[in-house]
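**Student:** Construct all of the structure, not just a fragment, from the sequences and the given hints.
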Amino acid sequence: MQPPAEHVHWLFATGVLLLGLCLLAEGVVGTEIWRRRAWRAYLWPGLAFTLGVLMWPVMTFYTNSTIHMLAHGAWAEMLMLAGAVELALVRGKLHSQAWRLTMAAALVVSGLAFLVHEQNSWFFQRSSFLHHLMGWTLLFAAVFPLVRSVRPRSQTAVIGFALTFVVIAVFLYCDRDVAPVFGHISPLAGAPHR
Amino acid sequence: MRRALLVATVCVLALPAQAFAHATLERTSPGFEQRLPVSPRTVTLHFDQYIERLPHAIRLYSARGELAVPRIRDKGRDLVATVPQLRAGGYTIRWHALSGDGHVVSGVFTFGVRAKAPAPTAAFGASGPTRTEDVVRWLYFLSLALLVGGLGFRLLVARRPLPGRFFAIVGFGAFATLNVGIAGFLLRAEDALQLPFGRLLYGDLSPIVRTRFGTAFIAMTLGFAAVAALVFLAWLTDRDVFLWPAFLVGLGFASGLSLSGHSAADAGSSWTSELADWAHLSAAILWIGGLLQLVAVVWPLLPEARRATLLAFSRLATVCVGVLLAAGVYLSILRLPQLDDLWTTGYGQILLVKISLVALAFAWGGLHQLRAVPVVARGGTLPRLRASIAGESMVGMIVLLVAAILVNANPPH
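Listed in order, the protein sequences are those of chains R and V. In terms of this note's numbering, the numbers along the first sequence are unbroken and rise by one, the last being 194. In terms of this note's numbering, the numbers along the second sequence are unbroken and rise by one, the last being 413.
Derived from the structure by calculation, the hints contain no laboratory data. Watch out, some of these pointers could steer you wrong.
Restraint-style ranges between C-beta atoms, simulated for each label pair [to be verified]: (1) V:G198 with R:W122: 19 to 25 Å; (2) R:V29 with V:D78: 53 to 59 Å; (3) V:K75 with R:L11: 32 to 38 Å; (4) V:R159 with R:R40: 34 to 40 Å; (5) V:G252 with R:T14: 28 to 34 Å; (6) V:G76 with R:A25: 49 to 55 Å; (7) R:H7 with V:L352: 41 to 47 Å; (8) V:G198 with R:T50: 34 to 40 Å.
Restricting the straight-line Cα-Cα distance to at most 25 Å, the calculated cross-link-like pairs of lysine to any residue (SDA-like) are [as the list claims (entries may be wrong)]: (9) R:K93 with R:S154; (10) R:K93 with V:V83; (11) R:K93 with V:A168.
Computed from a predicted structure; not experimentally measured. All C-beta atoms in this analysis are idealised placements derived from N, C-alpha and C, irrespective of residue type, glycine included.
**Tutor:** Below, the structure is given as structure tokens:
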């Protein structure tokens, strides 16, 4: 009944990639041009919020361990929270740029969730390596929304923030052992069963 | 340097992975909660990857205690235990194995031989709900009151936009409902698995998820995540159109507690007991959630709306009290058919405490209805009315605490 875990990873990787590409497009053409059509302003925050909502079924149905459940719950809440705050900023319900610190906090919590839920060392296996990589990427990337909250027009912060999501999407595509890019089943996992 | 780092990264990504993640139990024989016509010769656990056998990897328990398992062997992805001839009854298997990633994975499941298998939450060794679970259940009730009761107040009583504090309270209720629900589920899993926290992190939750309680947890988590999204959209767009579905979905998914508790699982339960339990819970959260909104939002922030809101709330509260009483009396008779059960059993004694507190809350509410409402209806004011309503809501919250203890207690059979 449930789709294989790798399919779910690819689904979310696609969502995160779209989110990153929207941000990148906004960074390249500039916010003023990007927002000439009002709906575009809601695109990436809405996508983040939707991904957060969609993460809840993952959290509840993939319950093969407690740590999976907790980590996916943390990502669901952080995505919803970060998306909600950005939507509220765009809509004008929130005004202070300090609210952008929420995004920085969400990246830190998400990064920590990656690091805590992966208890093996970097080179233990590919997914371990990628979990560490994603965790540290998110932790370091928290500096971009931090800079945006004090210097909203900083091009480096905008592009860096956008690229964070693009990079995370690529990592997510590669995260499972049957990923199409580097695809194979581990010898320890025995004969392929999918 | 950069190029070397890039090449190294690509190489690591392309290297054969050693394992998928930690081992996951794919299936067992006997199956989870399976009823067998005869004693099994072996118990087999099949994992999704190779595992290593640890000492006492499979432990077998009957209702009387642990039974000796003569032989355990690992065979590829299988862990197989030879078991002695089992008499009719329920049995519990506790297992642990060394996963390919170095983590010890653990779990529990139950089966029955010519008898119904116990639920994993009632597996041998599980001690049942603790005081911590009582507190978590109470917090869950409070969260529901903030969320669903708050929404009900806005739609059925106030019927007008309320200040931002309304959304702050309801939003906090949604956040708390989701997180307290997760905490409650993990506490129950911890008790069933009987594992210290470090090993619980890698404990297999799937048998717990398959129970009535686990199914309710999944449904309620998904339902309240949707409610949280709808509440946020209502705040973002200033449109009531999102509030009604949020309220109805919230009220509907609150039934998860009724569909997985005593009213659904105990002997004598039926759809009427489930319905009565849900009506009882719904009336309580609407009443207490409404009182909190009255005290925290309307009284301090909307003085011009106090009169109309108090009059409308008193009508809703009357309906809630009627439903609470009717459903409560029906459920009490169902669970305690003998009157002396009230003072001779632990469950009955907790119920007596609850009835006393409910009587106090009703008396307090009645006082407001008889003394305060007529004065406010004439346009008058009463000093310290807000404090008095706050006092009533405090008693209501204490009632919820006793209700939480009662829900986790076992009624006499």
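**Student:** Hint numbers the structure violates, sorted upward?
**Tutor:** 7 and 10
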